[in-house]
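Visitor: If you want the building blocks of each chain, they are given just below.
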Amino acid sequence: MITLESLSHSLRLKKYHREIAVFCLLSLVVAISAPPWPGGIVIILTVWGLAIFGEGLPVLLALRMIAGPALFLGIAALSLCIGIGWSNHGPYAIWSPDGFQTALKVIVRSSAAVSSMLVLTLLVPVHTLVSMLKKARIPAFILEFTAIVYHMISLIEQSRSEIYRAQTLRLGYDGWRNSLRSFSMMASALFIRSHLQALRLTSGLESRGYDYSLAVLHLEEKPNSWYAMGFAILIPCMIALFSFGVT
Amino acid sequence: MIRLNDIHYAYPDPSGIKLRQNLPEFALKSFSLSVGVAERVALLGANGSGKTTLLYILNGLLCPSQGEYYWKNAPVEYSKTFLKGLRRSVATVFQNPEDQLFAGTVYEDVSFGPLNQCLSKDEVHHATLRALASVGMEAQANLPLHMLSFGQKKRVALAGAIAIQPELLLLDEPATGLDPRSEIRLLEILEVQRKQGVTILFSTHDVDLAFGWADTIVVLFQGTIALQGPPAELIASKQNLDQWDLRNPREHQYHEKSRT
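Chains D and V are the protein sequences, given in the same order.
The working numbering applies: residue 1 is where the first sequence begins, and numbers increase by one.
The working numbering applies: residue 248 is where the second sequence begins, and numbers increase by one.
Read the hints as simulated data drawn from the structure, not as lab findings.
Backbone N, C-alpha and C fix where the C-beta goes; we use that ideal spot for every residue, glycine too.
Please note that a few of the clues may not be correct.
Stated by the list, open to error - Simulated coverage check for chain V against chain D, where a stretch passes if three residues somewhere in it have a Cβ under 8 Å from a Cβ of chain D:
| id | region |
| --- | --- |
| 1 | 334-343 |
| 2 | 349-356 |
| 3 | 366-372 |
| 4 | 384-394 |
Only chain V is shown next, with the shape it has when bound in the complex (with noise of 0.2 Å):
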């Protein structure tokens, strides 16, 4: 569904700040990923790895300096009526719901996407109640958007996202701020989405959560992949987890404490 080849991503540093602070160049380096349909690929990686980088390289945010990037085996092209085409099937939930939230209601908001779709009314009506009711939300459906907690406020974006039916979901730290029911609640709605052929990509620096839910790991470290694959692989790997600043997933700590 999406191939990644080579692709070098560095930020404009007009001031030089990057320079005097002795920092990386080049945010992504020699990056390649394949990822298929309805697939679970979590981006591990410490902070300042690259990961939200990546996401906003795949819904077109942002353009790379180097290597390709295909969508459906088709290359990304950076025009406006291109990206509104990916744009249709890739949606995209922000670390901080803030970022994306901007109507007057929760109802308002969840049927922005949708109607740009050019959908009519009955149709976007009918995909935003789904929406709210696959993240439990309708009944706030009328309630302002900074009436909501946080956790609520996820949900929704969570829901705009969805609302759009897209091909593949891309997560920025989803699990950042959730409590432990609120993290099972959202990895359920996603295993739902992926049961209808959703590709799901998030990027977390949480060990256990990537172990736990992910088909294929990408660790990131620096920009580059440092392993790629399924989460045993991860385990064979632990005496370089530190390094990549990372740790052993608990259950494997719990599991060796036992052995000894």
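The following block holds chain D by itself, in its conformation from the complex (with noise of 0.2 Å):
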């Protein structure tokens, strides 16, 4: 999370975050309802274009990025690939070309989703988008509790890499009976450590004058140019066009 969040503060186009997220989120949109050919195989090649090509982002970290999800739609579309039932003879499994379609169909419609998500993450900070959505009249509170459960979760990942570091060091990940031992102390740990650290943080935000709401001012942005932001509309538009005319 943290270097997520450090990342889109150092790419190239870091003045375009507000551009860059109407254009994710409106990929986003078209990932889901257009036809996954040839709409979602742009949508891929197009957010992942922007993110190596124009944000600079390295191309190792992409593919590490999207291992984890690409692995979990994979194991999860082999099941849409065999069928299993009962005959005469007892159980049987066989291999469906119909469901291998459908599997191609939701792998590459999953992934253009994800995709979009993905580089929205890498790439735009989540100050930025609790002020677009903030601007598009979603309620305060859940403005407030996006924002506070994201401060939190900084605040345990960090925790999390000090207590790590102090086990390691005292050889905890030494062997797989002394990982387990440290990986369970380690998650009890972070249970009680973030459940104090919630209890300051109200007193905290009590002293401060903290009356159930947690309103913030945000410093205004102008967009950087009309026309990125156009093109940011633009350009998935015309892919959604394109794939349903295709189709």
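Build the complex: two chains, separate frames, hints provided.
Guide: Below is the structure:
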């Protein structure tokens, strides 16, 4: 989480956060609603192209980000390719050509949606998203909840890395048994620490005049250029029209 | 400005841990203190002497078991309305900045306090920028909090307190974890605030810091006041410093060494 946030502040086009956010969100909508071929493929290529060639995101990092979701999708799609049933001779499992086609469509559509979300997470800071959602009149309590949960997650991640470092220096991850034991101790310590941190934060906020509202002011950011915003809206729309037109 | 009369405070102990471990019943006992406007007061004491408890009583987070707390000659009530009003004038900076920072960016966090004072957006914006400039963090206004170093987070926490333009600024061990240069910068910021009429009260176990900076030093020992007065009185009582788990200020140690 911390690495992702620092990436969004250090990449080339960091002044275009809002335009990139709009582009990724519209791409997500197109990925879910447009036919996976060719729409999904074009979305995948476009969002990752923006991230790698436009923003200068390292390719290895991009592959690491995709690896987890890709593995998950692949395993899920595999189950669509196999038909399982019961015949007079007992249970059977066969390769299903229709299932294979469905699996391909599911993989492409899901990958396009996941890619849009991943690139959004990588390239746009959370506070920019929250301020955009505020302008879209999303209820305040949802935005405040999002902001505080995000902050708590970053604190938990910080605690996790501190505990992990302390355990490693004392050979806590030396061997399978040690690792399992250390991991479970870390999990329980994190649970208690985050609870205590939440209590301390509540006291801290009370002393700052907390009145059951976490309203804050957001720094006004003007759009970098209307051209950039225009392209951010136009490209996903054109991909959608192209996909529907082809099919 | 503030007056404490015979304050006692005992932390709740439902599981009886304190009893079993033979710990003192009261965190603060028979504590009386008066602080005037624009004073610099240092609460000096070892760990567990009651410094943080006193700060929490002053900002209304804790209610004394006994005794009275007066804010501007009016007794402090522990109703929601009164405490809300108190916290418009009393700002606290905690020892661990993570105990009070929560927002997405530096700017958003500092704006939280002024927004709670029902100021207009323009006034909040200017108050936030002024506070950030006073702690030298205006360039980092748009950065997320978790990208800051410990010292930077402390400055943001201080900015959040200064932004509400308090009359009383409470700081819990503000120099802990800071390098000497950052410590000097912190004291400069506090001095600017004091010249604007803000009363400053901070807790520390650093004798040199208290001795070098404060107008009044209050030495706490096991929840009671062991000594209260100007720094010279601390030197006059130096034979007791050991007993209070403190040491001679270094400046005085060097001075004594040079005389022998």
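Visitor: For each hint, tell me whether it holds in the structure or not.
Guide: Okay, the hints, checked on the actual structure:
Note: the region 334-343 of chain V has 6 residues with beta-carbon separation from chain D under 8 Å; the three-residue rule is met and the coverage holds. Counting residues of the region 349-356 of chain V whose beta carbon lies closer than 8 Å to any beta carbon of chain D gives 7, which reaches the threshold of three, so the coverage claim holds. Residues of the region 366-372 of chain V lying with their CB closer than 8 Å to a CB of chain D number 3, which satisfies the three-residue condition for coverage. Here's how the region 384-394 of chain V fares: 7 of its residues keep a CB closer than 8 Å to some CB of chain D, so the rule of at least three is met and the hint holds.
Consistency with the previously given hints is maintained throughout, with no hint failing.
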